[in-house]
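Respectively, the protein sequence lines represent chains A and B. Mapping the first sequence onto our numbering, position 10 (from 1) lands on 10, and the numbers just tick up by one. Convert by adding 99 to the 1-based position in the second sequence; the result is the number in our numbering.
These aren't lab readings, by the way, just hints derived from the structure by calculation.
The calculated label-pair distances, taken between Cβ atoms and stated as ranges, are:
hint, chain 1, residue 1, chain 2, residue 2, range
1, A, 3, B, 243, 15 to 23 Å
2, A, 20, B, 184, 40 to 48 Å
3, B, 137, A, 20, 25 to 33 Å
4, B, 197, A, 23, 26 to 34 Å
5, A, 75, B, 102, 47 to 55 Å
6, A, 19, B, 193, 29 to 37 Å
7, B, 137, A, 32, 30 to 38 Å
We treat Cβ as the ideally placed atom computed from N, Cα and C, and that holds for glycine.
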Amino acid sequence: MLLIHCPYCDATRPEVEFAYGGQAHIARPLDPSSTTDEQWRDHLYIRVNPRGIHAERWRHIHGCGRFFNAIRDTVSDKFVTTYKAGEPRPELTEKEGAR
Amino acid sequence: MRQEEHPLIGRSLDMPHAPATIRPVEDAARFNLRISPDNLAEASAAWGAILPARIGELASSPGRLAACIGPDEWFLIAPLEEQGAIEAAFSALYAKTIHSLVDVGHREVGIAIEGPAAADVLQSCIAFEVGAMAMNEARRTIIDRVPIILFREAQERFRIEVWHSFSDHVWHLLAGICREYELGV
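With the rest of the complex left out, here is chain A (with noise of 0.2 Å):
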């Protein structure tokens, strides 16, 4: 079972308390009526399903109940740092990045 460190409970917990969120760091266009079909269309469902390091949201929804953001390897399926959300996204290593 993955253990996920809760950045809000400073707690490290089973998966089985979290639910995943998708990709992270997706800011909804200020102006949605100025954009183009296209630009919206990627908005909603254009992701980038990396091979490798990955940032995406998590929420500890039987626990503390807050979103927060984690980077995670999608090889490995290892965590390597969580954050909170609205923090940005931590510049990692290439050792780290790596692991």
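On the provided structure of chain A, position chain B as indicated by the hints.
Here is chain B on its own, set in the frame of chain A:
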């Protein structure tokens, strides 16, 4: 379903030699409080005791429990006869500080787990490490897929707050595990 007729009324375990036993906890007033952490001091004044600031902390005073279970969320338990006074105090606070105090007393029922093997009994169906909980710690978690709030009040005493509709399942689950511990299997 009203609190006078919830599924656990009158239940008890007849296991005098079990290293852990369970029992329904007496009915109490329960509140869910949502307020900005910046205004915690005002909420503490209305509550009448310090509310814990860190998630997982549990502040207990006779008859009362106050647990911080989210960044801006507290779960409060008090004797039934104090319910009106608490509601009045927070109602007065509402004029100057926005918050939400919801009476959830009829939603839940408490189960106490006591005995030297209490942590082991709970560990049978809780995924996180129960034994690593500190005294006076409270966490929302899952027991056999049922959402609960778990309080550790003492080394060998835990309390579960569970919804009525799940309480029958949790009771029989824990009763079965206590029986296994009694028989040493």
